[in-house]
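Asker: Kindly generate the complete structure, drawing on both the sequences and the hints.
The lines below spell out each chain.
Protein chains: 2
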Amino acid sequence: MKVDIEKRILAANDEIAASNRALFAAHGVFVLDLMASPGAGKTSTILATIAALRNRYAIAVIEGDIASKVDAEKVRAHGIPAVQINTGGACHLESAMIRRAVDTLDLDALDLIIIENVGNLVCPSDFDLGENAKVMILSVPEGHDKPYKYPNIFQVSEAVILNKYDTMGVFDFDEEEFRDVVRSLNGQVPVFPVSATKGEGVDAWAGWLAGRIDAAKETDAR
Amino acid sequence: MKVDIEKRILAANDEIAASNRALFAAHGVFVLDLMASPGAGKTSTILATIAALRNRYAIAVIEGDIASKVDAEKVRAHGIPAVQINTGGACHLESAMIRRAVDTLDLDALDLIIIENVGNLVCPSDFDLGENAKVMILSVPEGHDKPYKYPNIFQVSEAVILNKYDTMGVFDFDEEEFRDVVRSLNGQVPVFPVSATKGEGVDAWAGWLAGRIDAAKETDAR
Chain A
1 MKVDIEKRIL
11 AANDEIAASN
21 RALFAAHGVF
31 VLDLMASPGA
41 GKTSTILATI
51 AALRNRYAIA
61 VIEGDIASKV
71 DAEKVRAHGI
81 PAVQINTGGA
91 CHLESAMIRR
101 AVDTLDLDAL
111 DLIIIENVGN
121 LVCPSDFDLG
131 ENAKVMILSV
141 PEGHDKPYKY
151 PNIFQVSEAV
161 ILNKYDTMGV
171 FDFDEEEFRD
181 VVRSLNGQVP
191 VFPVSATKGE
201 GVDAWAGWLA
211 GRIDAAKETD
221 AR
Chain B
223 MKVDIEKRIL
233 AANDEIAASN
243 RALFAAHGVF
253 VLDLMASPGA
263 GKTSTILATI
273 AALRNRYAIA
283 VIEGDIASKV
293 DAEKVRAHGI
303 PAVQINTGGA
313 CHLESAMIRR
323 AVDTLDLDAL
333 DLIIIENVGN
343 LVCPSDFDLG
353 ENAKVMILSV
363 PEGHDKPYKY
373 PNIFQVSEAV
383 ILNKYDTMGV
393 FDFDEEEFRD
403 VVRSLNGQVP
413 VFPVSATKGE
423 GVDAWAGWLA
433 GRIDAAKETD
443 AR
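The listed protein sequences correspond, in order, to chains A and B. Here our numbering is used: the first residue of the first sequence is 1, the next is one more, and so on. Here our numbering is used: the first residue of the second sequence is 223, the next is one more, and so on.
Possibly wrong hints are sitting among the right ones.
[As the list claims (entries may be wrong)] Quick partial rundown of chain A residues pointing at chain B, CB under 10 Å, derived from the structure:
no.: 1; residue: Ala40
no.: 2; residue: Val140
no.: 3; residue: Gly143
no.: 4; residue: Asp145
no.: 5; residue: Lys164
These aren't lab readings, by the way, just hints derived from the structure by calculation. Since the model is a prediction, treat every value here as computed from it, not as a measurement. From the three backbone atoms N, C-alpha and C, an ideal C-beta is built for every residue, glycine too.
Answerer: Below, the structure written as structure tokens:
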């Protein structure tokens, strides 16, 4: 019974996600779903990405959290529109929440929406939000063994950001093993070493994202 | 409708949890449900706790993970019985999973079972497993703002372990603000600074746990 219920919830979510996706394409907006554990550095990675790309694209952010509005305030302090979603206990964002948040934004004025999902390596990976790409962050202090334990999120992500890379010397993180396991789960997925709070490694990641945005714009314009 | 379904799932879980709790009391076994984000150091905290308490109590571990059996193998390498539960995608343990795992253990020969829940600051806090106490770990690299974003897990925990305390100098962690917010959410809950991999701070935490185990034994024996 429980599996049937889950299937019905996912099917309802997928339907709204497909409608979101059509809406985003019609307005030429690229949507990124950024997923990670609590404290992996989602907000600081978003701020670093904004700094790298704001002269090239008009950006807005949708912040997903169980509670609080601290992340949306951090983003707005940089002059970027931000919508806070409080899930009130739910462990992930769903496509209907994104639709309500998007309805408060001027899509014609935007090129890129970054969605910060709830801090969680499990549930967000199951839910299509209508995004163009799912990307995940793993932070070095979490350890190189995480792909063994949370394989699904590594499989659905189109890029992996390895954040807090500057703390590699402090933790016992085997980067070679990490890259091997990630590759075994998800072929040629790129891994970007980043220190978001220091701005290091952001250019390579932002360059990949810009490439995806420009490619989607060409497809949408056809 | 979704809320009703969630209520039914939680009610079914609570019923088995109550039965687990009676079983544990009948056998004089104390059960700890340890919750944390991925990579906060659950397994290393368990190993440090075992080292501190194994001469005093007979201990077994139940390891919960989406996939893999690496944690159970780490525990068994120290000569401690360990049962691995793979949830196959589910973001938390449930009381029925614990019952099946417990059925493989000799309860009369045990004083303490430590359950390592799935790495997640959200879902595990909603599910009673029949444990004597829920305890959570926050690790310093995750940041001092986490109680704002994940209040429920701080509210249901009877102790908070602040792990990777030795990296306090590397990260911008405001311990005073952290303790203030935790106190506002959960009165006099103790916060134990620990560096599990170095064994630092473990005595205070293990002392608290031993106090709880001994108190429960007295109650069970009445």
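Asker: Decide, hint by hint, whether the structure agrees.
Answerer: To see whether the hints hold, each was checked on the structure:
1. The criterion of a C-beta within 10 Å of any C-beta in chain B is met by A:Ala40, whose closest approach is roughly 8 Å, and the hint holds.
2. The criterion of a C-beta within 10 Å of any C-beta in chain B is met by A:Val140, whose closest approach is roughly 8 Å, and the hint holds.
3. Satisfaction of the interface hint for A:Gly143 is found here, the shortest Cβ-Cβ separation to chain B being roughly 5 Å, below the 10 Å cut-off.
4. A least Cβ separation of about 6 Å between A:Asp145 and chain B falls short of the 10 Å threshold, and the interface hint therefore holds.
5. Against a cut-off of 10 Å between C-beta atoms, the interface hint on A:Lys164 holds, since the closest Cβ of chain B lies about 7 Å away.
In summary, the structure agrees with every hint in the numbered list given earlier.
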